[in-house]
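Chain order of the listed sequences is U and L.
At position 205 of the first sequence (counting the first as 1) the number is 204 in numbering that gives the first Met the number 0, and the numbers step up by one without a gap.
At position 172 of the second sequence (counting the first as 1) the number is 171 in numbering that gives the first Met the number 0, and the numbers step up by one without a gap.
Errors might be hidden in some of the hints.
Said to hold, decoys possible - Think about it this way: if two alpha-carbon atoms lie no more than 20 angstroms apart in a straight line, the pair counts; the simulated EDC-like pairs of lysine to aspartate or glutamate are:
{"id": "1", "chain 1": "L", "residue 1": "Lys-78", "chain 2": "U", "residue 2": "Glu-1"}
{"id": "2", "chain 1": "U", "residue 1": "Lys-156", "chain 2": "L", "residue 2": "Glu-278"}
{"id": "3", "chain 1": "U", "residue 1": "Lys-82", "chain 2": "L", "residue 2": "Glu-45"}
{"id": "4", "chain 1": "U", "residue 1": "Lys-78", "chain 2": "L", "residue 2": "Glu-39"}
{"id": "5", "chain 1": "L", "residue 1": "Lys-68", "chain 2": "U", "residue 2": "Glu-39"}
{"id": "6", "chain 1": "L", "residue 1": "Lys-189", "chain 2": "L", "residue 2": "Asp-262"}
{"id": "7", "chain 1": "U", "residue 1": "Lys-155", "chain 2": "U", "residue 2": "Glu-139"}
{"id": "8", "chain 1": "L", "residue 1": "Lys-78", "chain 2": "U", "residue 2": "Glu-41"}
{"id": "9", "chain 1": "U", "residue 1": "Lys-78", "chain 2": "L", "residue 2": "Glu-45"}
{"id": "10", "chain 1": "U", "residue 1": "Lys-68", "chain 2": "L", "residue 2": "Glu-39"}
{"id": "11", "chain 1": "L", "residue 1": "Lys-155", "chain 2": "U", "residue 2": "Glu-278"}
{"id": "12", "chain 1": "U", "residue 1": "Lys-155", "chain 2": "L", "residue 2": "Asp-262"}
{"id": "13", "chain 1": "U", "residue 1": "Lys-68", "chain 2": "U", "residue 2": "Glu-13"}
{"id": "14", "chain 1": "L", "residue 1": "Lys-82", "chain 2": "U", "residue 2": "Asp-75"}
{"id": "15", "chain 1": "L", "residue 1": "Lys-55", "chain 2": "L", "residue 2": "Glu-15"}
{"id": "16", "chain 1": "L", "residue 1": "Lys-82", "chain 2": "U", "residue 2": "Glu-278"}
{"id": "17", "chain 1": "U", "residue 1": "Lys-10", "chain 2": "L", "residue 2": "Asp-262"}
{"id": "18", "chain 1": "U", "residue 1": "Lys-78", "chain 2": "L", "residue 2": "Glu-41"}
{"id": "19", "chain 1": "L", "residue 1": "Lys-10", "chain 2": "U", "residue 2": "Glu-1"}
{"id": "20", "chain 1": "L", "residue 1": "Lys-55", "chain 2": "L", "residue 2": "Asp-65"}
{"id": "21", "chain 1": "U", "residue 1": "Lys-78", "chain 2": "L", "residue 2": "Asp-43"}
{"id": "22", "chain 1": "L", "residue 1": "Lys-78", "chain 2": "U", "residue 2": "Glu-39"}
{"id": "23", "chain 1": "U", "residue 1": "Lys-78", "chain 2": "L", "residue 2": "Asp-65"}
{"id": "24", "chain 1": "L", "residue 1": "Lys-68", "chain 2": "U", "residue 2": "Glu-278"}
{"id": "25", "chain 1": "U", "residue 1": "Lys-82", "chain 2": "L", "residue 2": "Asp-65"}
{"id": "26", "chain 1": "U", "residue 1": "Lys-68", "chain 2": "U", "residue 2": "Glu-1"}
{"id": "27", "chain 1": "L", "residue 1": "Lys-55", "chain 2": "U", "residue 2": "Glu-13"}
{"id": "28", "chain 1": "U", "residue 1": "Lys-89", "chain 2": "L", "residue 2": "Glu-45"}
{"id": "29", "chain 1": "L", "residue 1": "Lys-82", "chain 2": "U", "residue 2": "Glu-1"}
{"id": "30", "chain 1": "L", "residue 1": "Lys-68", "chain 2": "U", "residue 2": "Glu-1"}
{"id": "31", "chain 1": "L", "residue 1": "Lys-78", "chain 2": "U", "residue 2": "Glu-278"}
{"id": "32", "chain 1": "U", "residue 1": "Lys-68", "chain 2": "L", "residue 2": "Asp-65"}
{"id": "33", "chain 1": "L", "residue 1": "Lys-156", "chain 2": "U", "residue 2": "Glu-278"}
{"id": "34", "chain 1": "U", "residue 1": "Lys-82", "chain 2": "L", "residue 2": "Glu-165"}
Simulated from the structure, these hints should not be mistaken for laboratory data.
2 protein chains.
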Amino acid sequence: METRQIRYFLKVAEMEHMTEAAISLHVAQSSVSRQISNLENELDVELFIREGRRVKLTPLGKIFYDRMKQAMNLMDDAKREVKEYMNPEKGTVRIAFPISMAAHTLPSIIYAFRTRYPEAQFEMSNALYPDLIKGVVNGEFNLAMIAPMPIKEHEKKITGTTLFTENIVALLPLHHPLANRTSILLRELKDDPFVVLPEGFIFRDQVVQACNVARFSPQVAFEGKDIDALKGLVSAGLGVALMPESTLVDNTPRSTVMIPLTDANLTRTVGVIYPTQRELLPTEQLFYNFLLEIYERLNEFKK
Amino acid sequence: METRQIRYFLKVAEMEHMTEAAISLHVAQSSVSRQISNLENELDVELFIREGRRVKLTPLGKIFYDRMKQAMNLMDDAKREVKEYMNPEKGTVRIAFPISMAAHTLPSIIYAFRTRYPEAQFEMSNALYPDLIKGVVNGEFNLAMIAPMPIKEHEKKITGTTLFTENIVALLPLHHPLANRTSILLRELKDDPFVVLPEGFIFRDQVVQACNVARFSPQVAFEGKDIDALKGLVSAGLGVALMPESTLVDNTPRSTVMIPLTDANLTRTVGVIYPTQRELLPTEQLFYNFLLEIYERLNEFKK
DNA sequence: ATGTATTCATGCAAAAAACGCATTGATTTC
DNA sequence: GAAATCAATGCGTTTTTTGCATGAATACAT
C-alpha cells in the first residue's frame, strides 16, 4: 500500500472517473487503472463498482476512502509541520470560513497578520456551516472561522474561542419608506419581501428564526447564493435583507442603506475553531494566538 | 513521501541503527540509508543526528516519528478493517494486557471466544499500565484489558467498561504461621517480608497503598518482574505476596497457600478500554461485545 | 597510540516497478 | 447501428529501488 496508490485512489473516488482522474494527476489513464487494480488485489477487495463506463465506490470503498483521506491529511500535515518547524513565520495557514466573512472580516485579519509576519502564506477555502465543522474534524483544514459558535454537541472533537459578537442589521433599498430612519424594529419589516441565502446556509436559518421571534414569517422573495448576490438584489430594490454588520463595513452597496435593528439579541457570535485531537501546525498556532490577542484588545477597547 | 520510506524511517528510529533496521526489514543497508536520505531531502530537514556510528532522532525527528507512527497505524488498521469487513469471524483481535492477566484471565476469555468463533485470530502483547493507555491512544492496539480502570483524566481519549471486580488475596508459604487460617487481616502481615513487582507496575503501588491503609509500610524483601516470579519467591519461602485472585485460580504454586483477606475494599476493578476517536475493527467489535455479554452474565450469576 | 572492527554514505550495475502507448472489449449516446 | 467514450491489458521504455562494493569516519581493544 504505497501513497502513490492512495493518491490515485482518492482522486478516482472523488471524480468517479478514471480518465479524468488521470488527467488531473498528470499521468496516463493506464497507470491509474493499474494502480487501482494493484490496490484492490492487495486488499483482496473490490473498492469500485464498474458500472458501464463509470466507477463508483462500493460501500466498503467508502469506508476505505474515509480512512485514507484522514491518513493522508495526517501525513500532509506532518510534512508541513516539519517544514514549518524551523521558521513558522514563513509557513502556511490553511483556514476555512463562511462566505459571510469573505468580504471584510477575513481580509482585514489577514492584512493585520501579514503586517507582522510578511512572509506568511494563506490557503483559504469557504464552506457551508456543517462542512466547516466536518472539515476541522477530519483534517481537511485545521482552522475555521465560524458563526455562530457551535455548541456542546461537538465539544469533544473541536475546541474554539469566541472572538467577538456583532450586530445583525437590516439592508434596505434607498427608496424604501423606512430608509431615512436611524433605527428600526425587525417587526416593521414584516410585510416586506425578503432576500435570503438558500436552504442549507446557517445564516438563512438565523434570519428566519429572528423573524419568528419578532412574531412573523418572512416572505421570501428571492434567494441569492452568497452575500454579494443578496446585496445586489437589495440594491435592485427587490427586497430587504438582514446581514451581519461586518459584511457591510466599508462596503454598503450603491442605492442601499444600512439600518441598525433595535431588537434585543439580534447578534451573532463569531469565533474560531480547531480540532481537539490534533495540534495546530506552527504557523497556524502563530495565527491563532494572533487572533486571540487582536480581538481581546479590540473587545477591551469597545468597553 | 512513500510508505516504504516511512516504514524504513520508523524502524531505524526505533532501533537507532541503520544496519540492524535493514536486517530486520530484509533489505540491504544501502537501501535503507538511501531512502532515509531521500526522505530528509524531500522534507528539507535533518531527521537523524549521525553521532559517531549511531543514528538518533533529532527533536524534530521525534515529532515526525509520532505523526508517522499514527498515520501508519491508521493505514494498517484501515487495511485490516477492509479485509475483515466481509467476515469478521475470521479476522484478528489485537489486544494488550498487564502481565497479571496473562496466566488465567486472558486465556480463558480467548478460549471461550474461540469456541464461538473458531477462526478468529489473536495478536497479544503485554505492557505496563501507562503503556496500555498510551498504546490505545496512539493506535498501537485498539483494545486493552486493564486493572484498575483508569479514571476521568483520560476520559476524552479512551472509553471503557468495567468487566468485573476481583478480590486481592494473600499468598503465603506453606510453613507460614498463618497458613492454616481460613482468612486473615492484612495487618497481620505487617512484620513479614513482602515480595512485590518492581517500581513502575501499577499493582505494586496498589499493594503498598493497601498496606498503608492497614497502617504499616510493607518491608520489601524481593522484587520479581512478573507474577510468576513472585509466586516462585513465595514458594521458596522468601516472603509473602498479595495478588489478584484470578492469577491463582487453578494455579496455586506448590508449597504455597492462598488466604483471603477480610479487609474492606481490598479489590481491584478489571475492565477493557478502547480509543474514543477510532472505531473498533470488525473482529475487535465482535470480541468487545462478547466480553460485555460474558461478564454481564457472569456477574448476574454471582449475585 | 595504533590497528581493527563497525557503521553510515555513495557510485554503479542489476532488478523491479511504474509509466505511456496502443489496442481491445464493453457500454453509452446520438 | 455507427460513433464515441471508457476501463482494462499487453508490451516496450523509463524511472526507481535494490544490492554489492567501496570509502570515510568513528569506536573499541590491545
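Indices of hints not satisfied (ascending)
Failing hints, ascending: 5, 10, 12, 14, 16, 17, 27, 31 and 34.
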